[in-house]
Amino acid sequence: MIWLLGLSLVVMLAAAFAVLLLRDLLAAIAAASVVSLALSVLFVILRAPDVALAEAAVGTGLSGVLLAYTVHRLGAAGRYDP
Amino acid sequence: MRGRDLAALLFLAGLGALLASVMAELGFGNPPLRAGGPILEQSPSQVGAANIVTSVVLAYRGMDTLVELTILFTAATAAGMVLGQGTRAGRSQSPAGFILSTAADALFPFLLVLGAYIILHGHLTPGGGFQGGTILAVAFFLPLLAQPNAGIDERITTWVEGSAGAAFLLIALAGLAGDGFMAPFPGGELGELLSAGSLPVLYLALGLKVGAELAGLMGRLLTEDEA
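Chains as they are written, first to last, in the working numbering: chain A, 105 to 186; chain B, -14 to 212.
FYI, nobody ran anything at the bench for these hints, they're computed from the structure.
Be aware that one or more of the hints could be misleading.
As the list claims (entries may be wrong) - Looking from chain B toward chain A, a few residues come up when the C-beta cut is under 8 Å (computed): (1) Ala5; (2) Val38; (3) Gln116; (4) Thr119; (5) Val123; (6) Leu199.
Glycine included, each C-beta is placed from N, C-alpha and C at the ideal position.
Go ahead and model the full structure; you've got the sequences and the hints to work with.
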């Protein structure tokens, strides 16, 4: 079980760095959803299925949809251009 | 390196040190609170919910949940005030592509069933009003992403939210007839769908309220005029 814990932690870290490094905002939002998804797996491993469900529903579903819609609404103004 | 970066780095280091010192005190897997043991032992006979988390959320810490609902309600109200009245008179938004429309249509019934299942089985399996309500809200929001001009009827969401909140408060007040405010009514066989007394009804009201609140909020966000 400890390797699964480690795996989800690594996935979380990688996805979190992907959020920072990705140029495409939609891809970054997808990566942020992956962080939440891996975190909910971690919660299941830690025997907190209730928290895992909330994390999956809010972190992956709700905030992902909300962020994606915000980027869509901003249009060209939301383009990330460093 | 600019001064702002340096300040951010310093702040992060300080925060990390604080968190690390707290984490060093806590053993992994050893909860510092000792309330868990007695609750695990007594809750099946006292409250009668197979999912002990639910018996904590709605019975032992029911007041917390009530205040949590209040916080959500206040936040939704404030956001609604900031976003203003949803008038769709502004620019009309083009419908989304084929993939999103089809996926939203196909997912809608499944999300509805899943949300209802998670709410109604909150006292038996993990999940409950908050989680199921969020899924319900997303179920109503996805078709809206595909058809932005459809909108969500705010009268319906407001009505559902208000009556669900009132039902939650009424059940909480009805507890006064028994052991006190928010006291649960035990009843039914442990593990049955119709068990744990008033908890499933409470969770149903909570789920409907959360779902209507979030759906109304997102619908308002969607139909808000371009400033």
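Hint check results:
A least Cβ separation of about 16 Å between B/Ala5 and chain A goes past the 8 Å threshold, and the interface hint is therefore violated. At its closest, the beta carbon of B/Val38 sits 5 Å from a beta carbon of chain A; the interface hint therefore holds under the 8 Å criterion. Interface hint status for B/Gln116: upheld, as the beta-carbon distance to the closest one in chain A is roughly 4 Å, under 8 Å. For the restraint placing B/Thr119 at the interface with chain A, the shortest Cβ-Cβ distance is roughly 4 Å, inside the 8 Å limit, so the hint holds.
A distance limit of 8 Å between C-beta atoms decides the matter here; for B/Val123 the minimum to chain A is near 5 Å, and the interface restraint holds. Taking 8 Å as the C-beta cut-off, the interface hint given for B/Leu199 holds, the closest approach to chain A being about 7 Å.
Of the hints listed earlier, the one the structure fails to meet is number 1.
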